[in-house]
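Enquirer: Protein chains in written order, with full-length UniProt numbering: chain A, 1 to 424; chain B, 1 to 722.
These are computed hints drawn from the structure, not numbers from a lab.
We put the CB at the ideal spot given by N, CA and C, even for glycine.
You may find that some hints are simply not true.
[As the list claims (entries may be wrong)] Computed far set for chain A versus chain B, every beta-carbon distance over 12 Å:
#: 1; residue: G50
#: 2; residue: Y108
#: 3; residue: S115
#: 4; residue: A172
#: 5; residue: R267
#: 6; residue: I280
#: 7; residue: V284
#: 8; residue: T285
#: 9; residue: T323
#: 10; residue: K345
#: 11; residue: G352
#: 12; residue: C355
#: 13; residue: F386
#: 14; residue: R394
[To be verified] Result set (BS3-like, lysine-lysine): computed pairs, CA atoms no more than 30 Å apart in a straight line:
#: 15; chain 1: A; residue 1: K345; chain 2: B; residue 2: K287
#: 16; chain 1: B; residue 1: K287; chain 2: A; residue 2: K397
#: 17; chain 1: A; residue 1: K218; chain 2: B; residue 2: K287
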Amino acid sequence: MISAFFIFNQKGEVLISRLYRTDFKRSIADVFRIQVVSNSDVRSPIITLGSTSFFHVRINNLYVVAVTKNNANAALVFEFCYRFINIAKSYFGKIDEESVKNNFVLIYELIDEISDFGYPQNSEIDTLKSYITTESVVSSAIAAEESSKITTQATGATSWRRGDVKYKKNEAFVDVVETVNLSMSAKGTVLRADVDGHIQMRAYLSGTPECKFGLNDKLVIDKGDRGISDAVELDDCRFHQCVRLHDFDATRTISFIPPDGEFELMRYRSTSNVKLPLRIIPSVTEIGTSQVAYTVTVKANFNNKLSATNVVLRIPTPLNTTTVECKVATGKAKYVPAENVIVWKIPRIQGGSECTFTGTASLTITTTRQVWARPPIDVDFQVLMFTASGLIVRFLKVFEKSNYQSVKWVRYLTKASGTYQIRF
Amino acid sequence: MAQPGQDAKFFQRGKLEELRAELQAAETKDKKYVKRKTALKKIVANITMGNDMSPLFTDVVQCLGTPLLEIKKMVYLFLVSYGRSKPDQIHLVIPNFLQDCNDRNPLIRALAIRTMSYIPIPVVTDALTEPLRHCLKDRDPYVRKTAAICVVKLYTADPRRAEKGGFVEMLRDLMLDSNATVVANAVAALSEIGDRHDGVIFRLNLATANKLLTALGESSEWGQIYILDSLLRYVPERHADAELMAERIVVQLQHANSAVVLTTIKALLYLMNYMENRKLIEYCCKKMGPPLVTLLSSGPEVQYVALRNILLIIQRRPAVLKNDVKVFFCKYNDPIYVKLAKLEIMYRLARAENAKEVLAELQEYASEVDVDFVRKAVRSIGRLAIKVEEAADNCIQALLGLVEAKVSYVVQEAIIVIKDIFRRYPGKYEGIIPKLCGNLDLLDEPESKAAMVWIIGQFSDRIDNADELLDDLLYTFLEESVEVQLALLTAAVKLFIYKSKSDKTKEIVHKVLKWTTEEIDNPDLRDRGFMYWRLLAVNPAVAGEIVLAEKPAITTDSDRMDRGALDQLLLHTGTLGSIYHKNPETFIRNAAAKALVDSPALNPHSRAAIIPLPRPQLPPTTITVPGPGPVEPQLPESHNASNPPDVTPAAKPAPPPPASASIDGDAALSDHDDEDDGPPAAADPYSNLDSAFGNYLQDEPRPMAAGGQSANRHGDLDDLLF
């Protein structure tokens, strides 16, 4: 298991150092600094030296590092690092050098609670917040009873939820967020198109609500034999700890008692019938050795009541580009020499419409004529109230013994960031 | 939610004297303990920065009198950091600890034993023994789950004391606890103890295993991992037992935590060895594919872990992902380690049906920036040609296209694989040799140079100017690496055999033979030179038959680990061993080796491939220490729910060690060992690989050489570091 846990800043200074086991001295931190922080070409998130392995995750300007001395479960170690990052974000609003330094005492408390002797323990944020706080607690003042409640929850079957939650207005917000992965070849054929979706829920519900959640999942709908054709085929689903997996396996119903507040209910993947919201048609021609001519068209392939926002195209240019002349009717385009790309930003594209970029890149004459690798065009965007997979939430039912009314809200968002790539 | 902290200002180096003064000043007037808190925060910051704060021991300990929990925790943190180095002063705090162990508040009780067990010196361990015994039976589950982990801490500090104190038995009893979190921690603790070389044996029987599975549903995600992991300690005696268990855990594949998913897969792969129902096996394989692919949308680190495991899994169970090659196509912005791992999987999943798509991708990668990635892509094109005959033509075209680009490292990689393609498809592609010969001056690495020299020698009958080419290459003969020298020697001999009439070739072969036998120190090279010389002198015709004998065809069959090695490695799915594709005991000191255990249910193929563990060196007699509960039942009715309390994990404490206690082979294995004492497992699972792919595996991820460049006493870096 995990023998030590560290947080380093970009310079390699130790911000947090917790040795769970005595098999190391803290000077082990120096080894990490030499091997990873000051190494400009780190080619693995895991480095093993002798029997010692360093696992690191980079987040903002920090390295979150776990060190082991046994044949550790690598997935567990990384999941633990991710979890720590999430907890820190939830506690401090963000995780960076400043927030770590500002809360280092609390972080020590936290990492001692979520890992004992290197074995990850209960790490449900809601529960942690009930007894690890920044407020000064007088130890004798915490009633033993109150603590018993906490301990029962921390070790209980629904460790993610307190029993005494109360809201005036019972509400649940459901956000379906889909990320489209696209890889299109220069000839315009789709090499790969799939959707990574996750359903984010914010539950502000009193008591211990029992929730049932329904999607237009093909396996469910077809069983009902209603012949609805817009059902989606999900390749795989993964659920939050709270969802009863046996129920899902048997009947594909998603039933759970939600944690209080925000959490990720499920993740899913879909590869069939993916609707690509933006169609990109690039035409890039190298004119001799001194110029490259671009015409890139973006077509919005969805209902004209909707629109894509924050559209950013990053169109690569050869390394020896000097200037680029850009012409656009919509948005703004400019050449960013540091990244060798033309960045074309379009604040909004209405469904069904299209816009075009034309430009010419002038190149310097180089003696070594190396073939231009032509990295893909990358497109980022967001489309509200649209799902590329076609998934919709059919219902969300909330049952609670006090029988209150609850209000539910559902939003859909399809987006791409660094995942929508078109070769040319 | 609490206010965001403002502690950054304390995060600076402080002088011992000043900090001490601050603490002492706080003793007189300290409203709401603010001064003490501030001083302690500064001290904690300094501990973090690596400044030795231990001289403040007595001053810090004074603060334990304060009723603030926050202060108590900081003092405890201080004690965890320096307690070990102050065995003569630690008694000062023991009363406080003991008082906390009896606190009414369960969180305080747990905190006390947790902290004490982090200070592994006899004074503290002595004091801990009694409270720990109570805490293991505490009415609060939080205290019990903490106590369970304390036992393994105690065991790590002093195994014999933990055994004598009966703590291992108490842990075993905790596996039957009503609270799932307690059960999971007890399992985690027992597993660690069981993995120690001097630990007790920890095996599960059917009843206990089933009992643990009941706790699975109520455990936290981490607890699920500990429990699923422990299932490998259960050896199914009947197919039906394995099958039932697999059915029960298969739903865990839907869990959001990737470690739960991978550990479930590990357990399933293990159980499949004991299953008979073909349909169920197929069902499990089918169920495993999608979650594995989903792991590729996690963070890059988890993706990497998943990819390295997928590479193993598809070698053993090709059905798992056979139609999914597209999801392994690289994204332009994937981290390099993800790309390299994907490339290998793409090659493994390539078949005639998808070869075209795969090749198009590989060609795309061959123009990227990262040199390693490009090289591996080029080499994969060649391997694809060798693996899938239908794709060979297109692959050759692709390679020629790459050669024309004249990028040195691309050309070199291409030539290395083309050599293999020539051997795989004799008489088919030799027409391209002239194109290759135009690139001689781009070759500056031994492997590619040797490959090119081999091509020239092998086909010197078809290359008109082979003698000139070879002569050019021979200019630098004496400076070349051995690999190239060997290739040049053989090529010169082949050339001579093909064109023995030519004066030029005579001159060349003579020159080379003379160099190798007179000027070279390398014995291999020299001996080979002598051998050729004699052969040619005695009977050139026979020499021709020998040197130009038909070569065995290259195939990709050997390009896969053998089944026994795979079965063994898959027992480590998700762990470091699965990342490096090495059994952990080969690179981690004291790591527990694992092997499939024979049972009537083990399927015959798995049995035939078992690589038994080397027998540990143990005293000849077996010793059984009776614990509570009967001996592990071997009867079929043991799975019957009607006998719940007779759950007896085979946790059997070892006897106290001999007084000298110098050897660590003193653990008692009260168990049979595998009858046949086969050869120890091959240390490197790739050792059986044909050398057809040369150093293709060179850039595989691997633990760094323990030796390092500096001279090092035991050849283990750990000794140097710590």
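Enquirer: Take a quick look at F386(A) and tell me if its Cβ sits farther than 12 Å from every Cβ on chain B, holds or violated.
Expert: Non-interface label on F386(A) holds, nearest chain B Cβ at 20 Å vs cutoff 12 Å.
Enquirer: Once the closest CB in chain B is found, is it more than 12 Å from Y108(A)?
Expert: violated (6 Å)
Enquirer: With the threshold set at 30 Å, check whether the alpha-carbon distance from K345(A) to K287(B) stays at or below it.
Expert: Violated, because 42 Å separates the two Cα atoms, which is more than 30 Å.
Enquirer: Hey, K218(A) versus K287(B), does the alpha-carbon distance stay inside 30 Å?
Expert: holds (17 Å)
Enquirer: Per the stated criterion, does the least C-beta distance between T323(A) and chain B lie above 12 Å, as a non-interface residue requires?
Expert: Nearest chain B Cβ is 23 Å from T323(A), so the label holds.
Enquirer: In terms of Cβ atoms, is chain B entirely out of 12 Å range of R394(A)?
Expert: At about 20 Å from chain B, R394(A) clears the 12 Å cut-off, so the statement holds.
Enquirer: Say whether it holds or is violated: C355(A) keeps its Cβ farther than 12 Å from all Cβ of chain B.
Expert: holds (24 Å)
Enquirer: A172(A): least C-beta distance to chain B exceeds 12 Å?
Expert: holds (19 Å)
Enquirer: Given the hint that K287(B) pairs with K397(A), does the C-alpha gap stay at or below 30 Å?
Expert: Holds. K287(B) to K397(A) sits at ~29 Å (cutoff 30 Å).
Enquirer: Can we confirm that no CB of chain B comes within 12 Å of the CB of G50(A)?
Expert: At roughly 4 Å from the nearest Cβ of chain B, G50(A) sits no farther out than 12 Å, so the non-interface label is violated.
Enquirer: Against chain B, does G352(A) hold up as non-interface, every C-beta pair farther apart than 12 Å?
Expert: Fine: 29 Å to the nearest Cβ keeps G352(A) off the interface.
Enquirer: Is it the case that K345(A) keeps its Cβ farther than 12 Å from each residue Cβ in chain B?
Expert: Check passes; 19 Å lies beyond 12 Å.
Against the hints set out earlier in the document, violations occur for numbers 1, 2, 3, 5 and 15.
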